[in-house]
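J.: One-letter residues, chain by chain:
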Amino acid sequence: MRITCPHCGERDRREFTYQGAAKILNRPSPDAGNDAWADYVHLRDNPAGETRDMWYHDPCGAWLVVHRNSVTHEVYGSQLAAEVAR
Amino acid sequence: MGYSAWKIFTEGLTGNQGWKPVWRDPAPKPAYDAIIIGGGGHGLSTAYYLAKNHGLTNVAVLEKGYIGSGNIGRNTTIVRANYFLPGNSEFYSHSLKLWEGLEQDLNYNVMHSQRGLINLFHSDGQRDAFVRRGNAMINQGDDAILLDREGVREHLPYLDFDNIRFPVYGGLLHPRGGTARHDAVAWGYARGADQRGVDLIQNCEVTGIDIENGKVVGVQTTRGPIKAKKVAMVAAGRSGQVAAMAGMRLPIESHVLQAFVTEGLKPIINHVVSFGMGHFYMSQSDKGGLVFGGDLDFYSSYAARGNLPMVEHVMEAGMTLMPIIAKAKVLRSWGGIMDMSPDGSPIIDKTHIDGLFVNCGWNYGGFKAVPASGWSLAHLMATGKPFDAAAKFRLDRFNTGRGIMDEEGTGSQHNLH
Numbered sequence: 007m008r009i010t011c012p013h014c015g016e017r018d019r020r021e022f023t024y025q026g027a028a029k030i031l032n033r034p035s036p037d038a039g040n041d042a043w044a045d046y047v048h049l050r051d052n053p054a055g056e057t058r059d060m061w062y063h064d065p066c067g068a069w070l071v072v073h074r075n076s077v078t079h080e081v082y083g084s085q086l087a088a089e090v091a092r
Numbered sequence: 017m018g019y020s021a022w023k024i025f026t027e028g029l030t031g032n033q034g035w036k037p038v039w040r041d042p043a044p045k046p047a048y049d050a051i052i053i054g055g056g057g058h059g060l061s062t063a064y065y066l067a068k069n070h071g072l073t074n075v076a077v078l079e080k081g082y083i084g085s086g087n088i089g090r091n092t093t094i095v096r097a098n099y100f101l102p103g104n105s106e107f108y109s110h111s112l113k114l115w116e117g118l119e120q121d122l123n124y125n126v127m128h129s130q131r132g133l134i135n136l137f138h139s140d141g142q143r144d145a146f147v148r149r150g151n152a153m154i155n156q157g158d159d160a161i162l163l164d165r166e167g168v169r170e171h172l173p174y175l176d177f178d179n180i181r182f183p184v185y186g187g188l189l190h191p192r193g194g195t196a197r198h199d200a201v202a203w204g205y206a207r208g209a210d211q212r213g214v215d216l217i218q219n220c221e222v223t224g225i226d227i228e229n230g231k232v233v234g235v236q237t238t239r240g241p242i243k244a245k246k247v248a249m250v251a252a253g254r255s256g257q258v259a260a261m262a263g264m265r266l267p268i269e270s271h272v273l274q275a276f277v278t279e280g281l282k283p284i285i286n287h288v289v290s291f292g293m294g295h296f297y298m299s300q301s302d303k304g305g306l307v308f309g310g311d312l313d314f315y316s317s318y319a320a321r322g323n324l325p326m327v328e329h330v331m332e333a334g335m336t337l338m339p340i341i342a343k344a345k346v347l348r349s350w351g352g353i354m355d356m357s358p359d360g361s362p363i364i365d366k367t368h369i370d371g372l373f374v375n376c377g378w379n380y381g382g383f384k385a386v387p388a389s390g391w392s393l394a395h396l397m398a399t400g401k402p403f404d405a406a407a408k409f410r411l412d413r414f415n416t417g418r419g420i421m422d423e424e425g426t427g428s429q430h431n432l433h
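For the protein sequence lines, the chains are E and C, in the order given. Its first residue numbered 7, the first sequence is counted upward by one per residue in my numbering. Its first residue numbered 17, the second sequence is counted upward by one per residue in my numbering.
Do not take every clue at face value.
[Claimed, not checked] Pairwise CB distance ranges, derived in the manner of DEER restraints:
{"#": "1", "chain 1": "E", "residue 1": "G67", "chain 2": "C", "residue 2": "G117", "range": "54 to 62 angstroms"}
{"#": "2", "chain 1": "E", "residue 1": "A42", "chain 2": "C", "residue 2": "R418", "range": "27 to 35 angstroms"}
{"#": "3", "chain 1": "E", "residue 1": "P36", "chain 2": "C", "residue 2": "R418", "range": "16 to 24 angstroms"}
[What the hints assert, rightly or not] Here are a few chain C residues that sit away from chain E, every Cβ distance over 12 angstroms (derived from the structure):
{"#": "4", "residue": "N69"}
{"#": "5", "residue": "N74"}
{"#": "6", "residue": "N151"}
{"#": "7", "residue": "I154"}
{"#": "8", "residue": "N179"}
{"#": "9", "residue": "V233"}
{"#": "10", "residue": "M264"}
{"#": "11", "residue": "A320"}
{"#": "12", "residue": "R321"}
{"#": "13", "residue": "P325"}
{"#": "14", "residue": "S349"}
{"#": "15", "residue": "N415"}
{"#": "16", "residue": "E424"}
[To be verified] Not the full set, but computed from the structure, chain E residues with beta-carbon under 7 angstroms of chain C:
{"#": "17", "residue": "R20"}
{"#": "18", "residue": "Q25"}
{"#": "19", "residue": "A28"}
{"#": "20", "residue": "L86"}
Keep in mind that the hints were calculated from the coordinates and are not lab data. Everything numeric in this text was worked out from a predicted model, so none of it was measured. Glycine residues also receive a C-beta, built at the ideal position from the N, C-alpha and C atoms.
Please work from the sequences and hints to get the whole structure.
T.: Below, the structure written as structure tokens:
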């Protein structure tokens, strides 16, 4: 699996650390209540197919949202998490 | 038809012409008392114990592939009860007791071999953690023996004891741990359930779960609709997709875990050896192949195959621990889809939908749990109350925060187990 870092170009998967589903960017407000927070922390769509998840590029320190396929391992593209969250 | 030594002898003399298929291949009926989605180890054992312990035989197991096509046929066959947190401890203890009577119970040879499992440690701190774990195992009524370096050497003389990074300080021996023939476990439970009247329906994928007024009323499948008032979702790595049909999301992320087997070799590895610091474990199958694996690839995946970095890592860890295996040729590698829960512990519970049950979150340890998982889910489905030893496997623990069972102590978060 090779992942493209917007800063560094296409790199080996070994350079990246996986964090989890990109829903983590949609943080509920502090007073959203227990259910919203329990959902945010624990519940997952866990899609079989297209997925967007968070990867950290260790050498350059960028957080990425990687668009890929969890069934075929194909990587479609990636964006800086900072831009996605904006 | 029961199996016996006499039967094998007479069949051997008559050309093995008398063996018959051991379970039927029925078409689905329009309705059942209970439906189990998923014909893997956990689903089959649930059906078996529903019939055997609770007399519920109007039951169907719906399997989208064939019996034994999922993780029950893809794991590394290890059976153990070396957990230490309340909740897990009593459950796996119960499971190991069921394993010990399983072959007699099923009249089926699952090749359960209690060859002993040794967890190695490489520092004083890790030794203390294993002493604690061993005490917890003994308190639970199971067995654990702390081995010092020389004690490990007696059992595993082929290790690299003086490895620079991870010198072997000792190990925790779990004598009743071991392995079993994974496929045979599926077949044994399938046969036992079928003999008691359960319909095992293969090539039957569930495409929808019918819910009316908050109650489950049946399922839609590729072989037509089937009604039932009780439906259990026992879909392991695919739990997320099955639960989505009921409008649910689960605290589950599916990951790939790889496993490997070498060519057949003469007996050398007599135990299950686990090298936690290197993320490596190994046993030797009765056929002679070294069966081994490591850690997750650490990204969500349904591919049932992994990537090379983890292959490399596992091989390196194996070589670090036991250079003796250097010339063994790896025949195959494969991956299984692991239903990872945030705290690393499983879920056997009702859902908010009346009559809908869920059994998932087995992480990378579902195989040894097969007997007790089915036993406990069957108890819950039949009586409406959780089985004592599985009562802590609640779905709502991630919402309430009560009863989180984080065996590794790393935190209750998806990417930490």
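J.: Work down the list of hints and note, for each, if the structure agrees.
T.: Here is how each hint holds up against the structure:
G67/E and G117/C have their C-beta atoms about 55 angstroms apart, which keeps the hinted 54 to 62 angstroms range intact. A42/E and R418/C have their C-beta atoms about 19 angstroms apart, which leaves the hinted 27 to 35 angstroms range violated. Checked against the given bound of 16 to 24 angstroms, the beta carbons of P36/E and R418/C, roughly 22 angstroms apart, stay inside it. The Cβ of N69/C sits about 32 angstroms from the closest Cβ of chain E, beyond the 12 angstroms cut-off, so the non-interface label holds.
For N74/C, the condition that its CB be more than 12 angstroms from all CB atoms of chain E holds, with the nearest at approximately 32 angstroms. For N151/C, the shortest C-beta to C-beta distance to chain E comes to about 31 angstroms, beyond the 12 angstroms cut-off, and the non-interface label holds. No beta-carbon of chain E is positioned within 12 angstroms of the beta-carbon of I154/C; the least distance is around 33 angstroms. At roughly 23 angstroms, the least C-beta separation between N179/C and chain E is larger than 12 angstroms, which holds for a residue marked as non-interface.
Distance check for V233/C against chain E: the nearest CB is about 25 angstroms away, which clears 12 angstroms, and the non-interface claim stands. A beta-carbon of chain E is positioned within 12 angstroms of the beta-carbon of M264/C; the least distance is around 9 angstroms. With 12 angstroms as the threshold on Cβ separation, the claim that A320/C sits away from chain E is violated: the shortest Cβ distance comes to roughly 9 angstroms. Not every C-beta of chain E lies more than 12 angstroms from that of R321/C, the closest at about 8 angstroms, which undercuts listing it as non-interface.
Chain E draws P325/C into its interface by the beta-carbon criterion, the shortest separation being 5 angstroms against a cut-off of 12 angstroms. No beta-carbon of chain E is positioned within 12 angstroms of the beta-carbon of S349/C; the least distance is around 15 angstroms. With a closest Cβ-Cβ approach of about 4 angstroms to chain E, N415/C is found to fall inside the 12 angstroms limit, against its non-interface label. For E424/C, the requirement that its beta carbon stay farther than 12 angstroms from each beta carbon of chain E is met, with the minimum near 17 angstroms.
Interface hint status for R20/E: upheld, as the beta-carbon distance to the closest one in chain C is roughly 5 angstroms, under 7 angstroms. The criterion of a C-beta within 7 angstroms of any C-beta in chain C is met by Q25/E, whose closest approach is roughly 6 angstroms, and the hint holds. Given hint, A28/E at the interface with chain C, is violated; its Cβ is 11 angstroms from that chain's nearest Cβ, farther than 7 angstroms. The beta carbon of L86/E comes no nearer than 19 angstroms to any beta carbon in chain C, farther than 7 angstroms, and the hint placing it at the interface is violated.
Checked against the numbered hints listed earlier, the structure breaks hints 2, 10, 11, 12, 13, 15, 19 and 20; every other hint is satisfied.
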